[in-house]
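**Student:** Chains as they are written, first to last, in the numbering used here: chain G, 1 to 306; chain U, 1 to 297; chain B, 1 to 566.
The set of hints was computed from the structure by calculation and includes no laboratory data.
A hint or two may mislead.
To be clear about the criterion: a stretch of chain U counts as covered by chain G if any three or more of its residues have a C-beta under 8 Å from a C-beta of chain G, and this derived list gives those stretches [as the list claims (entries may be wrong)]:
1. 53-67
2. 92-105
3. 138-147
4. 253-262
Everything numeric in this text was worked out from a predicted model, so none of it was measured.
Glycine is no exception: its CB is placed at the ideal position from the N, C-alpha and C atoms.
Now for the letters of each chain:
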Amino acid sequence: MSAYLAQRVLLTIPILFGIVILTFFLVHLIPGDAVSAMQGQLKMSAQQMEQMREALGLNDPLHVQLGRYLTRLAQGDLGRSLFGGQPVAVLIASNIGATIQLTVAAMAVAVVIGVPLGILAAVKRGTLWDVTAVVLAMLGVSIPSFWLGLMMIQVFAVTLGWLPIIDRSARGLIMPAVALGLAEAAIIVRLTRATMVEILTADYIRTARAKGLLDRVVLWRHALRNGLLPLITMIGMQFGTLLGGAVVIENVFARQGLGTLVTQAVINRDFPVVQGCVLVAASMYVLVNLAVDIFYVVVDPRIRYS
Amino acid sequence: MSQAVQQPLRTSETPASVALRVRRWQRSFWRHRSLLVGSALLAIILFGVAFPSLFTTRNPVVMNIRDRLQPPNPTYPFGTDQYGRDMLARVLYGGRTSLVMGVVPILIAAGVGAALGLIAGYYGRWLDAIMMRIMDVWIALPIILLALAIVTVLGPGLVNIMIAIGIAWIPYYARMVRGIVLSLREYSFVEAARVLGLNDRRILARHILPNTIAPLIVMSSMGIAGAILTGASLSFIGMGPQAPTPEWGLLLADGRQFIRLAWWIGFFPGAAIALTVLGANLLGDGLRDWLDPRMKL
Amino acid sequence: MALPPSLARFRPFFTALLLVCSLIFSACGAAPQPSAPAPTQTGGGAAPPPTSVPAPLPETGPQTTSRSRLVFFGNLEPASIDVITMSGNVNERQVAAQIFETLVYMDQSQQIYPGLAREWSRSDDAKTWTFKLVSGVKWHDGAPFTAQSVADYFEHIRDNPVGSGPGSLKAVIGSARALDETTVELVLTAPRPDLLIELADPGMGIGNAAYVKRVGADAGFNPIGTGPFKFKEWVRGSQIVLVRNPEWTWGSPMFRMSGPPVIEEVVFRFSSEAQTRLAALEAGEVDFVDLLPFQDVVRVRTDPRFTVTGVLLPGMPQMNYLNTSLPPTDDLNVRKAIIYATDKQGIIESVYFNMVEPAYGPLSRVFPEYEPALEQMYEYNPEKAIQLLEEAGWLPGPDGVRVKNGQRLEVTIVENKGWNDWVYVLQANLQAVGFDAKVITTQGPSNTEAIASGKHHVPAMGDVFASASQMTRDWHSEGYGTFPSGHFLKGEQGARLDAMLKDAETEIDPEKRKEKYREIQRFIMENALMVPIFELYFYVAHANNLKGFVVDGTGFYKYFAPAYFE
Chain G
1 MSAYLAQRVL LTIPILFGIV ILTFFLVHLI PGDAVSAMQG QLKMSAQQME
51 QMREALGLND PLHVQLGRYL TRLAQGDLGR SLFGGQPVAV LIASNIGATI
101 QLTVAAMAVA VVIGVPLGIL AAVKRGTLWD VTAVVLAMLG VSIPSFWLGL
151 MMIQVFAVTL GWLPIIDRSA RGLIMPAVAL GLAEAAIIVR LTRATMVEIL
201 TADYIRTARA KGLLDRVVLW RHALRNGLLP LITMIGMQFG TLLGGAVVIE
251 NVFARQGLGT LVTQAVINRD FPVVQGCVLV AASMYVLVNL AVDIFYVVVD
301 PRIRYS
Chain U
1 MSQAVQQPLR TSETPASVAL RVRRWQRSFW RHRSLLVGSA LLAIILFGVA
51 FPSLFTTRNP VVMNIRDRLQ PPNPTYPFGT DQYGRDMLAR VLYGGRTSLV
101 MGVVPILIAA GVGAALGLIA GYYGRWLDAI MMRIMDVWIA LPIILLALAI
151 VTVLGPGLVN IMIAIGIAWI PYYARMVRGI VLSLREYSFV EAARVLGLND
201 RRILARHILP NTIAPLIVMS SMGIAGAILT GASLSFIGMG PQAPTPEWGL
251 LLADGRQFIR LAWWIGFFPG AAIALTVLGA NLLGDGLRDW LDPRMKL
Chain B
1 MALPPSLARF RPFFTALLLV CSLIFSACGA APQPSAPAPT QTGGGAAPPP
51 TSVPAPLPET GPQTTSRSRL VFFGNLEPAS IDVITMSGNV NERQVAAQIF
101 ETLVYMDQSQ QIYPGLAREW SRSDDAKTWT FKLVSGVKWH DGAPFTAQSV
151 ADYFEHIRDN PVGSGPGSLK AVIGSARALD ETTVELVLTA PRPDLLIELA
201 DPGMGIGNAA YVKRVGADAG FNPIGTGPFK FKEWVRGSQI VLVRNPEWTW
251 GSPMFRMSGP PVIEEVVFRF SSEAQTRLAA LEAGEVDFVD LLPFQDVVRV
301 RTDPRFTVTG VLLPGMPQMN YLNTSLPPTD DLNVRKAIIY ATDKQGIIES
351 VYFNMVEPAY GPLSRVFPEY EPALEQMYEY NPEKAIQLLE EAGWLPGPDG
401 VRVKNGQRLE VTIVENKGWN DWVYVLQANL QAVGFDAKVI TTQGPSNTEA
451 IASGKHHVPA MGDVFASASQ MTRDWHSEGY GTFPSGHFLK GEQGARLDAM
501 LKDAETEIDP EKRKEKYREI QRFIMENALM VPIFELYFYV AHANNLKGFV
551 VDGTGFYKYF APAYFE
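With the rest of the complex left out, here is chain G:
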């Protein structure tokens, strides 16, 4: 097991490196450059623009820029924003917390809604409960999250006045988390239902029941514990989707976060910021999945890894 874990951790390193290379080139394929982007805001002459390009190193060949990028990255330096010159690492650090908050809260919403519905559907499979749960799940993945967010603002904040829109408190997190988490909830309903159906009809559960164990004990101790494992894998896998969704939801709710940061940076062609955001988001995804895999190995010794 420890050999597998070591291998798993080692495999992460080339992936992270690949992400660094990919994001560097992706961002440098953008036509035009940051200086012509800044021109719009600053009203510079052609000569001033050329001076600025030189100062920012944008005139160097691409491999020189990459080399410089990697060297700095090794020192934890993600470069500076081309707008205002703040360090990218600082920008990301001051935004990432809010995005993690949002994604974790959205996942929590998804689990709170999804797991009970999924269990309900599995336990009552074939009945109206089941149909309702599955149809609700289908609707959940079909409604665009930003539309849901806008509707919620109108209903719960403006019309009813129940929830704040831009408040930084926990209550302010409710609407964005629900808007972002509902589609995930739908996916979790389906997963939970499928897993629970499988487990409830499995031999060992029948054996346990035959032995006269109480239903509740059977479900709680045996069924749910095993059912939770695929759920955790799913949470790891869906983390990327949630990060992507956060880009849109943060814009709807004017929330601080990586999403609003990256959207603005894309419009401004602020290369270092886009680079940093994509790099950090992808690395987070890789690390979350690494953690899930490790967790899986530790929790479920039945699984053998070679």
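With the hints as your guide, set chains U and B onto chain G.
**Tutor:** Below, chains U and B alone, put in the same frame as chain G:
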């Protein structure tokens, strides 16, 4: 282990569990209803989008300022927007762009992804290892972020957005197809074909490819749903196709400015997106049961 | 919660999940939420009117605390707050206007007031300016503010390759020196009769050059000024918080106050979603929103909780350039046809809900230099447009698009997304008279590129400025970055317009200057170099109980120093 949701196949099936599930799915009939409902829903939408002139005689881009901001009424069943354009016509004609925007990226992704998956899975060894590591990197970039970055490189616009979404979806298909190929490679019929001296191309084309079709169709059906939503999201943050193309995501994004004044401008395109995505998802669900009951989730 | 019996056995599981959730929600809460808004608070939603409220709490009560915090909801977060490298982001100036002070101020009636400079004089050629500064001023870090500070500032912006202030001003700064502790002399390389108006721009707030040299770019994230509010913190992506400067007693007479501000904190938040900004105002979460969507103005205006003000933004009205260097718009008749075909009134009604007024030329009607004769020059007349096109040889083709010598009548319109929504009506108008008009949508920097490329016929544009001399940046062939008009007018005519602009800019005599600018406006419209669309109005809404703030000469920026809550 890190598969996408859209990847329905489990490669670690045992024959016993497969047989069990086959029986179970055959017993539970209601799931086939999702196939029915899904295809009916899509058929209605496709019909409307294919023959908009049967439902409205108006042009989706012609402005009629006198009739602006009309709520839904017998003349304008979906109302009009701020320029007096008929929302019904805009939704119907706009559906063309939206459906294309959902289908083409998935064709790109499924085509390229399946080819990559076949090659990686069949030839295995270092090629597989390298390709799968590349897929690991690729898949780590959230779809919207990756598409956003690609659209920034290529510039906004319908074609570029389709390429961007297509590229972002490739690794999901590659992984799924590779999984199927890996599991098939061990089967005796592939072994036998190889011993008989059939060349790789024939083995791939005759014995392996057909086995990937059903899961590809199922995954693509759900992929279309996802691609439509991704396209709408990109439109929403201003990276989508350009007006006056009445694309649904764009209509919805425009409608949000009128959410208080004229709800119908955003409501109908939003509903069109939701229903189409719902139809595609139901269809995918139903197809999975129908085509290949081994597939799960 | 009543659970179906079969689910009841999962209750412990639900409880655990809920617990996890509530932990997450509570753990990430930054500030505790007040249980209910005080009835008299800004836009308290469904709260009953405070008629039955007993004696008000003492001044130090919680209500006062909540009222001494002003929240402004703008549309775009600035990259930094730096008067040295000031960008074109209006919100940067909006924040800077609270932290920094300008030498002079200008109010909405275009009257100039003393600021950091209490008196000034200029040489007859308007090249040498002397400013007598107010004494006793301190920077926010406690260092004394002197004439040397002002001299350093001007030399620093002159030497800095980027940004700051009106485009062409920096180019004419010759030297600046302190004559004594409170007197500074500014020498320009060209006459600048409008200097005071330019210096009143919040972007010309006097920055601390010594500090900027010491800390570099970080000065923009921890700005130090002399103004009524001190920078406190900037949570990137979330908010900028300023706190009252208790030592600030040297405020401009324009503010009509003697002591420091009464508002404790000014908070700036940003969202580009107009509906989100509006919803936050209506939910009572913020006190002030700018760029109110036109379609919502009437509704918000009738809401008794809010005050809506609309200000005509002076400058170049919203318009479309007509590119003379590219066929078919190189033909005067085609350009005139485009102007006649444009249904200004339709645009104003459908896109702007009658919240703006028509424009007739390249300069807002609020300037004394405005040429009223332009109002009679063109009208909406599609028949005339068709007639002009036919005269020019453009005849109807098979698909309704006009053709001449096998060429289709094709033009491209450039839209800057979110700012030029009228282009779709313009497109429809042009199609109606036989153009094949395409709209190219751009955003941010790609807009500048598209216009600067010179490859498009009808780029949309608009500009905000306080002095007619800024026409240079919109029309001179050198252009200033985002104002690359020179690409559009080539040859002799272009040289003539350039010369007229330079001549008018340095004219000191007000009457002659007025006539020179009027001539430029007639020249532009007679040659059909643009399609005037409308005068931009800028609507802002604020809570009714917010009083006292002062608006600057452009109408765009607010000074919150004298603001208070009633």
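**Student:** Does each hint fit the structure? Answer for all of them.
**Tutor:** Hints, one by one, checked against the model:
no. : hint    : verdict
1   : 53-67   : violated (count 0)
2   : 92-105  : violated (count 0)
3   : 138-147 : holds (count 9)
4   : 253-262 : holds (count 3)
Consistency with the previously given hints fails for numbers 1, 2, ordered from lowest to highest.
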